[in-house]
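This is what each chain is made of:
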Amino acid sequence: MRRFLLATFVFLASFLLTAKSLNDPADRLLGVWEPSNGRARVKIEKIGTKYYGKIVWLKEPTDPETGKPKLDKNNPDESLRNAPLKGYRMLKDFTYKGDDEWTEGTIYDPNNGSTYSCIIKMKDANTLEIRGYIGIATFGRTDVWKRLQVPAKP
Amino acid sequence: MNYASRLLFVLLLSMPLSHAFAQTDSTATEEDYGEYDNLSFAGDGNKNYCSNKIEGLSPSKLISLGYDFQGPQTLSADSFGAVSPYERAFGLAHGLRFAANVPVISRNSIIVQMSANYLETRYQEKANQTGTNGILAQALTNNGLRSMGLGTTIFKPLDGKKFLLFQGSADLNGDWQWGDFMPLKYLKYSAAAVYGLRTSDRKQWGIGLSRTYRAGELNYIPILLFNSTNPSNTWGTEILFPARAHVRRTFSPRSMAFFGYELEGQSYRLWFNPSTRGEDLEIRRSEIRLRFVYERSLKDFIWMSLQVGYRINYSYNVDRLPDGKDFYRGFFGTQPMAMENKLTNPLYINLSINLVSP
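Protein chains in written order, with the working numbering: chain A, 1 to 154; chain B, 1001 to 1358.
I should point out that these hints are in silico values taken from the structure, not numbers from a laboratory. Glycine included, C-beta positions come from ideal geometry on N, C-alpha and C. Treat each hint with caution, since some may be false.
Non-contacting residues of chain A with respect to chain B, defined by C-beta distances greater than 12 Å in every case (computed) [what the hints assert, rightly or not]:
id: 1; residue: Pro64
id: 2; residue: Lys68
id: 3; residue: Asn75
id: 4; residue: Asn82
id: 5; residue: Gly98
id: 6; residue: Asp100
id: 7; residue: Asp124
35 Å max Cα-Cα, derived DSBU-like pairs, lysine-lysine [said to hold, decoys possible]:
id: 8; chain 1: A; residue 1: Lys70; chain 2: B; residue 2: Lys1342
id: 9; chain 1: A; residue 1: Lys97; chain 2: A; residue 2: Lys50
id: 10; chain 1: A; residue 1: Lys86; chain 2: A; residue 2: Lys123
id: 11; chain 1: A; residue 1: Lys86; chain 2: B; residue 2: Lys1162
Start from the sequences and build out the full structure, keeping to the hints where you can.
In structure tokens:
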């Protein structure tokens, strides 16, 4: 009987924790998003307690110079310049601050190899405002990202 | 530890771990990226607005602090009143330059920037010069020239291709001194409007009209914008004709060189000396800076810029403003100048440290 009670307690605790995770408002950030220029798609995932976004689709996946898949050739770290752009984590280390905002993260621009401080604000369930900035948020730029989904089957 | 305790211990330990691994790091395994090809917007799609930049364009400067040095030069001043024509030799002319461009609104649907700028030129007369001296040489030697202004730039994309660009500024130019400013009624207003097309990620062009003092005096000049980058991101052009035009050579996104020119000018009021203040005289200063520029990132967003070039004098004439009010002469007007002066052309160098934009 004692064993049964313990097992039940453990199962319930595990279930409650999982349920909390599924309903966590911070997890609304998860999914695939498209920046306003439509040139890439970024999948935001949760690893541990932080949120990360990786490039999963490129409008022009091939480097016109080499005819091969685009690489992160502008990365300031030379050892990363042969890494494929597809799969590259361009959003890193975001934590949910509350009030529909994820902060303390960075965004990487593969066009120039620069990494900026970044704040993500969810305007509605399908719209993000992503502000990359230098030092203080005043010196920055906001882009609007839209959520993507698998199209409904006819 | 009995069985139940061990079971509880193991399960409790594994819970946070399984919780963490429930959100898998999908880069750890091969992912089928093909599944992201055919997605649709969950809600309304993005409105398509073109960017104000193209690929490979040099980064714009949010804050710039620099110093400008011009080599020795000689002023050949026209007669003025009872003073006969004279020559005056100057040693190194130099001065501080500061500019700030702060984005007030920076979204993909509109960008509004406020700007502030200051530049000065201090002249040093060479020693042991004899002969006539006049108000112009005295003003340059005693006070130098300063320009301080505020402005705004608005970039408004109309759709994924078309855009409008507005620029306006008000500048206080003259031989004023810190702590003894000229009245704001002497502000000079400049403006420009451009209608442009961003025809690809590597090319944008536009045409427009400007009210400008770059040629020294008030003028209305057509503008041509043409920015481009070649497919390998190694060469490009950055042109806003007639203000500036450069060919760009990109070594990396953090290191680039330019060759071209900038047309720089303003109308500077000779105001400081009370005995000539009522004459309403303004130096119509304009110079073409033929130059080589090298810019590179020192650390992250801190860039240095080094210019080396030849400063060609376009105008250093002096106008007397009727009733103190500015007027339009254009390229074909016949209003006489108060003084038609010449200035020899020195080499120049300019070094600046810049905070560049995302």
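Here's how the hints hold up against the structure:
no.	hint	verdict
1	Pro64	violated (5 Å)
2	Lys68	holds (14 Å)
3	Asn75	violated (10 Å)
4	Asn82	holds (16 Å)
5	Gly98	holds (20 Å)
6	Asp100	holds (16 Å)
7	Asp124	violated (7 Å)
8	A:Lys70 with B:Lys1342	violated (56 Å)
9	A:Lys97 with A:Lys50	holds (11 Å)
10	A:Lys86 with A:Lys123	holds (27 Å)
11	A:Lys86 with B:Lys1162	holds (30 Å)
The earlier numbered hints that this structure contradicts are 1, 3, 7, 8.
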